[in-house]
Amino acid sequence: MTPEPQGLEALFVGHLGWIERVAGTVCRRHGSSREDAEDFLSWAKLRLIEDDYAVLRKFRGESSLTTYLTVVIAMLFRDYRIHRWGRWRPSAAARRRGGLAVRLETLVYRDQLRLEQAGEALRTAGETDLRDRDLARLLSELPARGPARPMPVGPDPLADAPAADRADDLVVAEEVEAGRRAIAGVLERLSAEDRLMLRMRFWEGMSVAEIARGLGLPQKPLYRRMERALANLRGLLEEAGVSRDRARATLEE
Amino acid sequence: MPQSDIDPERLAALLDGRLGKTERAELLSHLAASEQTLEAYADAVAAVSQLEPQRRPLPPIRWIAIAAVLAGIALAPWLWTRLRPSAADDPGRFVALLAARPASRPAGLEDSPWGSVRGADEPLTADARAVRLGARLVDLELAVQRGDTVAARVAADVGVLLEGIPAAGPVSAMYRDIGQRAGGAPRDLEPLLAEAGSAAANLADPDLVRLGAWVEAARVAASAHDAGFFGARQSRATLADAGTLPGLTEPARAALGRVHATLAAERAPDWSALGRDLTELLRMLGGP
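Chains as they are written, first to last, in our numbering: chain A, 1 to 253; chain B, 254 to 541.
Any given hint could be a false lead.
[To be verified] On the chain B side, residues computed to face chain A include the following (Cβ under 10 Å):
| no. | residue |
| --- | --- |
| 1 | Ala286 |
| 2 | Ala379 |
| 3 | Asp458 |
| 4 | Pro459 |
| 5 | Asp460 |
[What the hints assert, rightly or not] With a cut-off of at most 30 Å between alpha-carbon atoms, the simulated DSSO-like pairs for lysine-lysine come out as follows:
| no. | chain 1 | residue 1 | chain 2 | residue 2 |
| --- | --- | --- | --- | --- |
| 6 | B | Lys274 | A | Lys58 |
| 7 | A | Lys220 | B | Lys274 |
| 8 | A | Lys58 | A | Lys45 |
By construction, these hints were calculated from the structure, which means they are not laboratory data.
Glycine included, each C-beta is placed from N, C-alpha and C at the ideal position.
Excised from the complex, chain A in its bound form (with noise of 0.2 Å):
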């Protein structure tokens, strides 16, 4: 049965701590600075607040309730993210080095900060006590990245080519391409497990834990089985003529 208004009013109330922590975390993960978490909080709290608390009223109990608000508020994010930045996000690379390469990555090609100033706005922030020198060493670990455009999604997200200036950079951006468009191909041919599992590895960066938690695994089978399905996928983007270092190289952003 549905709550009345006040108990839907309540619930919210009740839960807005774990809507703040989430929201929180899901920010971190994409990088976003500290104003712009307060600003998707608030966008947030309102649309799970209007049309009375319809996020909240069509809760039909089939998972807790917390994973529920978890699920939303991570939908949400995805919206404003597009809405603000377009379909500019953190490369896979980034994630895997942690927050700092995320907040960096951020500020210098969705931003388009120079390095020195992303610096500063960092160290200024209190989220790195590094030098410029160590942030450049860390940010040339990280895939070279267009600027941040707002663009409409299109069914294909492997589509987002990187920007094309010079004519090496054509050249670059079409072997990219195609070994996007190999790697995709060769995915499709795993079972919807696998592929799944490679995605949230090398496309979200995800531990294997939390790959782990996300399928309802056990954890250590796991790492073979990821093992057994990269093999596979060697074997088949082999056969579809990707060497190694494109296949890592497109893996990367």
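Knowing the structure of chain A, use the given hints to seat chain B on it.
Frame of chain A, contents of chain B only:
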């Protein structure tokens, strides 16, 4: 509501493990095909994992500690060192069990039983790689503690072993950093070493990394006639767990059995024979 073609409650039920087999398979297929939904789901999984870590049953020693605290009993510092959660992942923890760290590499243990890790013609299996990784991480820990510049070579070996593991790039970079700082003050390198060790151990099969680390530390202990190492709870537990690992070859099981029998005997072990058996065990476990 968020703009999406998928019901958020179904995703939440997947994350809570409440879907039936068919429903789960359908949803996984959808996730595998939809980058946008997967991105949101990945965020949700990461948030739940961080905010609501899975509760695991505490090992008995923790209950002893908790009971002691409740009873107002002061705990000895050694007990706290065993309660640190990171200790379970760090292969270097076996080095802490050694009674004394040798001032130089003990005679006969200069090289690994497999020779160089570079340029091997035969590709390593994932299991062999995990065992070698564990052993080399112990070598690295010992070299760093000695302030020995050989740590640079050992760190490079670890990097080579990691090259064969997917997504190990960031951890390899940490070992490059360690290698560049080899020979420096151990206390400067220890935090990085512990962090890198835990990360590396989780990239490969953790049980085999742990076994490789234990056997290598045990070789050092045998050469020093260090009975305390073999009597330590962690040592005994690792040896007992090794017998249950799937995939061990018969010769490896036989070598493991000999080590077990030597340590189970009531008389003092023949340290030389034990050292030989351990080396043989390591050679078989880490062979290509």
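Are the Cα atoms of Lys220 (chain A) and Lys274 (chain B) separated by 30 Å or less?
holds, 21 Å
Should the hint that Pro459 (chain B) touches chain A count as held when the rule is a Cβ pair under 10 Å?
holds, 7 Å
Given Asp460 (chain B) as an interface hint, is the shortest Cβ-Cβ distance to chain A below 10 Å?
Constraint on Asp460 (chain B) satisfied, holds at 7 Å.
Just to be careful, I want the Cα atoms of Lys274 (chain B) and Lys58 (chain A) compared with a cutoff of 30 Å; is the pair within it?
holds, 24 Å
Under the criterion that the straight-line Cα-Cα distance not exceed 30 Å, is the pair Lys58 (chain A), Lys45 (chain A) satisfied?
Satisfied, since the Cα-Cα distance of roughly 16 Å is no more than 30 Å.
Holds or violated: the hint that Ala379 (chain B) contacts chain A, with Cβ atoms closer than 10 Å.
holds, 5 Å
Was the hint right that Ala286 (chain B) lines chain A, CB cutoff 10 Å?
holds, 8 Å
When the least beta-carbon distance from Asp458 (chain B) to chain A is tested against 10 Å, hint result
Hint holds; Asp458 (chain B) Cβ to chain A Cβ min 5 Å, cut 10 Å.
In this structure, every one of the numbered hints holds.
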